[in-house]
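One line per chain: the protein sequences are A and B, in this order.
The first sequence begins at 1 in the numbering used here and counts up by one.
The second sequence begins at 1 in the numbering used here and counts up by one.
Any given hint might turn out to be false.
Where chains are identical, the list cannot tell them apart; a pair therefore holds if satisfied intra-copy or between any two copies.
[What the hints assert, rightly or not] In silico lysine-lysine, DSSO-like type, Cα no more than 27 Å apart, as pairs:
#1 K389 - K108
#2 K114 - K640
#3 K301 - K223
#4 K708 - K238
#5 K301 - K640
#6 K658 - K108
#7 K224 - K108
#8 K658 - K708
#9 K103 - K726
#10 K224 - K638
#11 K103 - K301
#12 K640 - K113
#13 K108 - K559
#14 K708 - K170
#15 K114 - K223
#16 K726 - K389
#17 K658 - K640
#18 K238 - K223
#19 K389 - K227
#20 K726 - K708
#21 K227 - K726
#22 K113 - K103
#23 K726 - K559
#24 K113 - K223
No lab work stands behind these hints, which were simulated from the structure alone.
There are 2 protein chains.
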Amino acid sequence: MANIAKKVSWSGKNDETRGERTPLLNGSEEVRYNRQVPGLSCLASYPSYLDYDNSENQLFLEEERRMSHMGFRCLEISRWVICGLIGVFTGLIACFIDIVVEKLAGVKYSVVKKNIEMFTEVGGLSISLLLWVVLNSAFVMVGAIIVTCFEPIAAGSGIPQIKCYLNGVKVPRVVRLKTLVVKVCGVICSVAGGLAVGKEGPMIHSGAVVAAGVSQGRSTSLKKDFKIFEYFRRDTEKRDFVSAGAAAGVSAAFGAPVGGVLFSLEEGASFWNQMLTWRIFFASMISTFTLNLVLSVYHNKTTELSSPGLINFGTFDLEYSLYEIPLFICMGAIGGLLGALFNLLNYWLTIFRIRYVHRPCLQVMEAMMVAAVTASVSFAMIYLSNDCKPLKMDNSEEYPLQLFCADGEYNAMATTFFNTPERSVRSLFHNPRGTYNLLTLGFFTLTYFFLACWTYGLMVSAGVFIPSLLIGAAWGRLFGVLLPNKTFIKPIWADPGKYALMGAAAQLGGIVRMTLSLTVILVEATGNVTYGFPIMLVLMTAKIVGDYFIEGLYDIHIKLQSVPFLHWEAPATSHWLTAREVMSSPVTCFNQLEKVGTIMDFLSNTATNHNGFPVIVQASGEQLCGLILRSQLIVLLKHKVFVERAHSRLHQRKLQLKDFRDAYPRFPPIQSIHVSQDERECMMDLSEFMNPTPYTVPQETSLPRVFKLFRALGLRHLVVVDDVNKVVGLVTRKDLARYHMGKHGLEELHLAQM
Amino acid sequence: MANIAKKVSWSGKNDETRGERTPLLNGSEEVRYNRQVPGLSCLASYPSYLDYDNSENQLFLEEERRMSHMGFRCLEISRWVICGLIGVFTGLIACFIDIVVEKLAGVKYSVVKKNIEMFTEVGGLSISLLLWVVLNSAFVMVGAIIVTCFEPIAAGSGIPQIKCYLNGVKVPRVVRLKTLVVKVCGVICSVAGGLAVGKEGPMIHSGAVVAAGVSQGRSTSLKKDFKIFEYFRRDTEKRDFVSAGAAAGVSAAFGAPVGGVLFSLEEGASFWNQMLTWRIFFASMISTFTLNLVLSVYHNKTTELSSPGLINFGTFDLEYSLYEIPLFICMGAIGGLLGALFNLLNYWLTIFRIRYVHRPCLQVMEAMMVAAVTASVSFAMIYLSNDCKPLKMDNSEEYPLQLFCADGEYNAMATTFFNTPERSVRSLFHNPRGTYNLLTLGFFTLTYFFLACWTYGLMVSAGVFIPSLLIGAAWGRLFGVLLPNKTFIKPIWADPGKYALMGAAAQLGGIVRMTLSLTVILVEATGNVTYGFPIMLVLMTAKIVGDYFIEGLYDIHIKLQSVPFLHWEAPATSHWLTAREVMSSPVTCFNQLEKVGTIMDFLSNTATNHNGFPVIVQASGEQLCGLILRSQLIVLLKHKVFVERAHSRLHQRKLQLKDFRDAYPRFPPIQSIHVSQDERECMMDLSEFMNPTPYTVPQETSLPRVFKLFRALGLRHLVVVDDVNKVVGLVTRKDLARYHMGKHGLEELHLAQM
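Turn these sequences into a full structure, and let the hints guide you.
If you want it as C-alpha cells, here you go:
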C-alpha cells in the first residue's frame, strides 16, 4: 500500500480553449484580491465557502437512522421556535433603533431650532450653523470610530455581505454578536448625525446576525455555549436560518413580510422548499408584528397596531388611469439613468477610497467631513430658499422652521432638510399640491443626489434605501408638478404624491436593481395592492435602462472585491465549455487509509490551500470512493484519530458527530495542531468520516449542466470522473464564477492570483 | 460485438429491507391504477412523466454552440413576449367568463324574481320553485353533458391536474385547446346553474392551457402549427410557461399577482430561478391588468381600474387589536375541524362515485339532481325565513326579494341564496351589523356546507374556493355576532365583517391546506396588508388542526388516483434506505451501436413499459456512456436512422433536432412503426442522440440524497452505478414516490400493480 497521496492528473487538457487560465490554479479555492483593491476591509479575504450539501458520512447516517419519528418532529418544532425567536429579536432591535434615533434626532433638532430662532432676528446665524455642524460631526465621529476600530465589517448596509453569505461565500465575522452591536450603535449614530442614510438596510444584516446567533445556541463574542440547538450546527441549517433572519429584517424595516420572504429567496435559497419558505414567512410576520406591537405600546396606541415597519409610506388612496402608464414608464427610464449615474459615480469614488482612504483615521475624518458638509449644504439651502408656506393648524410638521418667513409661515425647504429622512419621504408623498415650489424640489434632488452618493461607502453603518427613495420622491414630485394640469383628459394627476411614489420606486430600482422583491416591498409599504402594476413597470424599465450602462450598486461592490459570486444560471453561450475545461486539475487525493504525515504535509502546504479532497480506493484501481473536507481532517488530527500500525482498526471508533459540531464553524488552523514524529508514521482511516457518495459528473458534461447541478444543490466541490470512475479533477465555486457574460460574449474573470 | 441488449442486474439485493415490494416492479414506469378506482376518468392513466432535465445530446449541444449571443437575447425576448401573451389571453378569458356568467345569472334571477313577485300574493309559489329548478337543471345539464361527452378531464377545478402537471406527471389532454373550450363553457353553465361552485379555481387550469398553447405555437385540437417558438418545444420550457399560465390564472381570479407567483412556486418550480420568477410575475401582472382594463371599459369606468380580479373582497378598513388574536386562532381551529369534516365526507362521496357513478348518463343525472336540490333547498330556506330588513336607498342588493316582507323591506336570507356566490361573499363581509340574524347565518352555513361538499367532484367544471369562502364567511360572521358586544375592552369587534373574513380564510385553509400562497392571495384580495398576520395565524392553525385528521382536498383526490406525486422532501426517517434498495433492477441497457430488431423488441414488449434506457460501451467493460429515451428511439425508428452493415456511419447524420421537436409531445406509439425484416438486421448508432452525461449516483447513496437530486433537478431517470461506473439500476419517480410518512413511521405505497 502506497503511503503518499496520489496526484491524479489528466494529461489531455485542451489548452487552446482556456488560453487565459494560469497554470497555477490547481485545485485551490482560496481567493486572493487584486493588489489594486486592498482597502475594502469590510469584505476582506474569505477563507472558505459554505457547504449546502450535507456530508452524509457514516456518523451522520448513524445519527439520522437512530433518530425516531418523534425526534424529527421535535427538530421540526425547534426550527419553528427558532424562527419565532428570530422574528421577536429582530423586531425588538428595530424598535430599539427607531426609538433611540427618534429621541436623539429630536433632541438635536430641538436644540438647533431653538438656536436658529434665537439668532434669526439678531443675526449671527453662523453660530447656529456651527452648532449644527458640530452636533452632526460628533454623532458621526462616534459612529465611524466604533465601526473602524471594533468591527469594520459592520460598515455600510450589510446587504452585499448578506448577499454573499446567502450565495454561499463565508464572510468572516459577518454574523457575530459583536458585529450586531457595532452595527446597531453605528446606525443610530449615522442617522442621528444627519447623514444622507437610512436605518432600513442595516436591519437586514441585523436580522441575519440574530438568526445565526439564535440558531446556533451560542455566541463566540460572549464565549457562551447554551448547549441547545446543537443539531443545527452545520452550514445547511445555518444558512436556512440566516435566510429567515434576513427576511425578518426586511419585514421589520418596511413592514413587508412577503417582500422579506421574496428577498431571501431571490438572494439565497437556491433550493425552494415549501416548509422552509413557510418558516421564513413566519419569522417575517413575527418580526413585523413585534415591531408593530412594541411601537404601538410605546406610542400609547395599543388597539391600533399601525406601525408595521420602520418606514411607513402612509396610506395612498389614489387610483391611476391608463393614460398615466406611459408617464410611469418614462419615469422608470429616468430612474434607470439617474441610478446608473449614481452607481458610476459611486464606483469611481469607491476606487478612489480603496487607493487613498484606507487608514482608519482618514476614514473617520472623511465621515466627519461628509457630516459637516451635509449640515452646511442643508443650512445653505434652507437659508437661501424663500419658499414660505402658511403654517397649518394640524401640526403635521415636527420642527417647522420660521427663519425669515412671516409670522404664521414656515420654510418649506426645511421640511425636507431639517428632518429625519423617513419623515421627509412621507412629506413628499403626502403633502398636498403646492407645498413645495419647483426650485425647492430641483435643488433638493440635486444636492441630495450627490450627498447620498458621497455617503454610500463611508465607514459608517447605514443604508442606501431611504436616500434613494428620497431623491426619487423629490424628482418624482417635481415631475408630477410639471405635468400640465389642464388637459383634454380629467386631471387625475392633480396630486403629485403618486408621482413622488413612482419616482421613488424608479430611483431605488435604478440603483439597487432588485426586481420582484422590491415590487412587493414597495407595494406592502404603501399598503395598496392597486399600485402593483405601475410599480412593476417602473422597476422593470429602470432595471432595463440601468443595466445597459452599469450593474446594480450591490453587485458593483461585490465585484470590486472579486468575490466568486454565483449567479442564477451559467452564461447563455457557455455550452461549448465542458467540465474538462473548467475543472481544477490535477487534484490532491487521499487513500482511504492514509498516512498522518502525508495529510499533515498537504494541509500545511500554503501554496495549495485545498479544502476538499477526493478519497480513492488504492486496491481496485484508484476509483473514487468518497470526499473529505479540510475541516473534517483537522478535527480528526486534533483528536488524534490514528490507527497505530500494530493495533486493529477498531481502536479508532471514538469520535462523535458532536466533536465536529463543537468545532463548527471556526475550525482551528492546521498550524495549531501538533503531531509528533511517531504519530506522523501512523495511519488514518477516513472511510468513516468521508462523504461516501459525493456528486460526480463525467468530463464531457457541459458547463451549464455542471452549473445547474452546483447551484441547485448548493455544492462546494463537484468531483469530475472519467468513464471508469477515476478522479480527473474537481470543480469548485471559483471555477464556475470565473465565466460571465460581458459586452462581447463570454469572458473569463481573474478571480484568483496565486 | 453482441447484438442483444444487456440485462445488467445486481445480485446482492437486500430483500429483507424491502419486504413489501413485489418482484414485478422491474424498471417499468407505467402506473396502473387500483382496480377499485376506475371511475376517475378526469385523471386517467398517465403514459409518462415530464423531463425537466434537458437531454444534452450532440444535436442539442451543436445547436446551442451555433447560437450567438444575439440569438440567446432573441430567445429571452420571445420568452417575455410569450409571458405577456399568456397574461393577455388569460385575462381575456376571465373577462369573458365573468361577463357571460353575470349576464346569464342576471337573466335567470330576473325571470325567477318576476315570477316569485307575481305569485307571492296570489299563492302558487310552487310554480316559481319549479321554474327555478328547471332553469338551474337545464344550465347544469348542458355543462355536465359537454364535460362528460367531450372532455372529461375538464371536470372539477383542474387544480389537482395542474398540481400533477407542475410536479412532473404528464396528464393526457390536460393542456389542449379543446379542454379549455369545454372548461370555459362548463364553468359558465355550472355557475349560472346556481350550483355551490366558483369560477375561480378553473381559471388556474385555463391559464395553464393558454400557456401551453401559446408557448408551443401550435394547437393539436385545431391541427394548426404556426411554426413559431419551435425552440420551446420540450418539457423544460413548456413547464416553465405552464407555471406562468397557472400564476396568471390565479392572478386573474383573485386579483393577486404575487399570490399567483407563490402558488406556481409552491406547486411547481422545484428549481427557483430569478428570471423565471420575474417572468411569471410579469404574466400575472399583465393578466390582472387586462382583466381590470377590460372590465372597467365594459362597466364604463375607464379611469378607475377597480376590478383586479374575478372575486373582489371589497375594501377592509378595520384594524385588529391584540386581544382578538386568540379569537382568530380559535377560528382557525374551527376552520381546520370543519375543513377536515368536509374533506372526509367528500372522500367517502368520491369513493362512492368511483364505484357506482361512472357512466356518463348517471354523471349527468347526478349533476342535474344536485342542481335541483340546490334550488329547492335555497327556495325552502328563503321561503321559511322571516328575516325581513328595510330596503336601503343605495340599492346595494341586486335582486332584493320582498316575498312575505312588508313593503320597503326585503328578505335577508335571499341575499345569500338568491345571488351569485361572489356577491354573497361580499355581502357577508361588508353588510353592517344586524343585516342577518343568527338563524339565517346558522342555517345557511349548514345547508351550504353539505351542498358544496356534494357538489365537489361532480362531472362539471367548477371550483371549490368560493363555496369554501362562503361557508367560512357565514359561520365567521355568526361567530362575530355572537361575541359579547359590551366587555371591559373597547368593543372593536363591533363589525362582524372582520370575523367573516377570518372565518372564510379558516374554512378555505381547512379544506385546501395551502399556506404561504393562500395567505398572500387573501391579503391581495382584501387589498389590506395589515391583515397579513391574523390571516397567517388562522391558516396555520387550520392547517395544523386539519392535517391531524385528514389531508387537503386536492391531495386526497390526487392520492385516490395513485399518482406518483413527489413531495418536497424525502420522509424524515428514510435515511436507512439507499439507492440500492429503492432502484428498479435489473434494467434494460442498449449498446451504443445496437441492432434495430433488439430495440424494436424491447420497445414493443408491453410487459416492461420502460421509458429510459442506459446506453453502455460494450468494448471497455460495459461502462455507462449515456441515456436514451423511448421517445427519442421512436423518432429514430420512424425516420429509419439505421446504419447498414456495409455502409459507413457517416451515412446516418441526417436527423435534426427539429424532427424531435415536431414529434413533441405526442410521439407515435411503437405499434405504428413498421420495420422490415431486412431493416431489423441493421444497426442504430445511438451515440449522437443519447444524453452522454446523465446524472448518476453510487449504490450507497441514501434515499434523502437521491430524492434531493431528483427533485432539485426535476429528473425522470437517475442511473445507479457501481464503483467502476457499471449500471446496476435505475431510479424513477415511482420508486421515490412509493415511500411516505404514515401514522406509524415510514410506509410503502403500492403505486403500481403489474
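### Query
Checking against the hints above, which ones are violated?
2, 3, 5, 6, 7, 9, 12, 13, 15, 16, 19, 21, 23 and 24
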